[in-house]
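Trainee: Chain by chain, the residues run as shown.
2 protein chains.
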Amino acid sequence: MNPASKRSVLLLVALATLAGALAFIAPVSGQDDGQAPFFVTAIPSGYRDWTFISVAHEEGNLNSFSAVLGNDVAIKAYREGKLPFPDGTIIAALHYQFVPSEENNKVFGRPQSFVAGPPTNVQFMVKDSKKYASTGGWGFGHFQNGKPGDEAFMKPCFPCHARASRDLVFTQYAP
Amino acid sequence: MNPASKRSVLLLVALATLAGALAFIAPVSGQDDGQAPFFVTAIPSGYRDWTFISVAHEEGNLNSFSAVLGNDVAIKAYREGKLPFPDGTIIAALHYQFVPSEENNKVFGRPQSFVAGPPTNVQFMVKDSKKYASTGGWGFGHFQNGKPGDEAFMKPCFPCHARASRDLVFTQYAP
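So the protein lines, in turn, are chains A and B. Take 6 as the starting number for the first sequence in this note's numbering and just add one per residue. Take 6 as the starting number for the second sequence in this note's numbering and just add one per residue.
Bear in mind the hints are in silico, worked out from the structure with no lab data behind them. Just to be clear, a hint being listed does not mean it is correct.
One copy or any two copies: either way a pair holds, since identical chains are not told apart in the list.
Pairs of lysine-lysine, DSS-like flavour, derived with a Cα cap of 27 Å [unchecked claim]: (1) 152 with 111; (2) 135 with 160; (3) 87 with 111.
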């Protein structure tokens, strides 16, 4: 196994362990009918034109470049420092592969430049304190090629975000 | 000298060499009065609300996280694949420090997450094919704490961007 593969496996093990531990300490309720009630199953319209919140990069298996955008309700709350986020807030995370830019590196004369590669998925957090009462008021959505993630994939969303210190949201506003 | 410092010095040398070489092969004209005609000296209003184009990361001395936004003219041109960009296009590059996220890393259980740290500068490219005729139709702006870069700092903008293959613009639209 090459070092990159080994890192990927280690990361998966770590994530699985973390997900298991979190599922244990923060069980998701309200799934008796087999339908997780906190799934967002339709892509919010117009999200690609929303306002920029911030950027992020995850190394390892994810190797992702993220742009986080928000609708008007989200942006107003972020700029006013309002917590918890009000109902109607939607936050979108657009994920791309984190890839080197050959063109930029030629100009710089060394391999230092990374850009957004092919898109991988889009994720959403939708605030509706009644509809998603069992998951801190947030619905979670994940779409790859326009199709939502299945239940097993979606289960870790809530317990992981429950560890974020600002109303389940990790991303902070970049001025 | 530690490896990080050595890398920084090597990068500075490489950049200085590149800037020198580029200045030689692509001299900036029209500066007889001591004023570079391609400076954008006022921050375009409302740029923070513009539409997301893409993200980038530069390693080394820059260690930057960039979000690139565009005004409506820019976005329309990008989405239609229109080149050269029409007059009125403005592209903004918001730069931040590339910093690890302690909060995210605790959740992931390993140091893998990087986010936008303190803002460092904002740069602009403004398309006006008459006003900026001597620099490919583009004016260049750089603002740190609201103040524009001086002439020496701004000189490499045009010759470096002249090497980009799409009308002097490096950043490509992320879908």
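Trainee: Can you tell me if residue 152 and residue 111 fall within 27 Å by alpha carbon in one copy, between copies, both or neither?
Mentor: neither (37 Å within a copy, 30 Å between copies)
Trainee: Classify it for me, residue 87 with residue 111: is the Cα-Cα distance of at most 27 Å met within a copy, between copies, both or neither?
Mentor: The answer is between: 25 Å across copies meets 27 Å, while 44 Å in one copy does not.
Trainee: Between copies, within a copy, both or neither: which fits residue 135 and residue 160 at Cα up to 27 Å?
Mentor: Intra 19 Å, inter 57 Å, cutoff 27 Å: intra-copy only.
Checked against the numbered hints given earlier, the structure breaks only hint 1 and satisfies all the rest.
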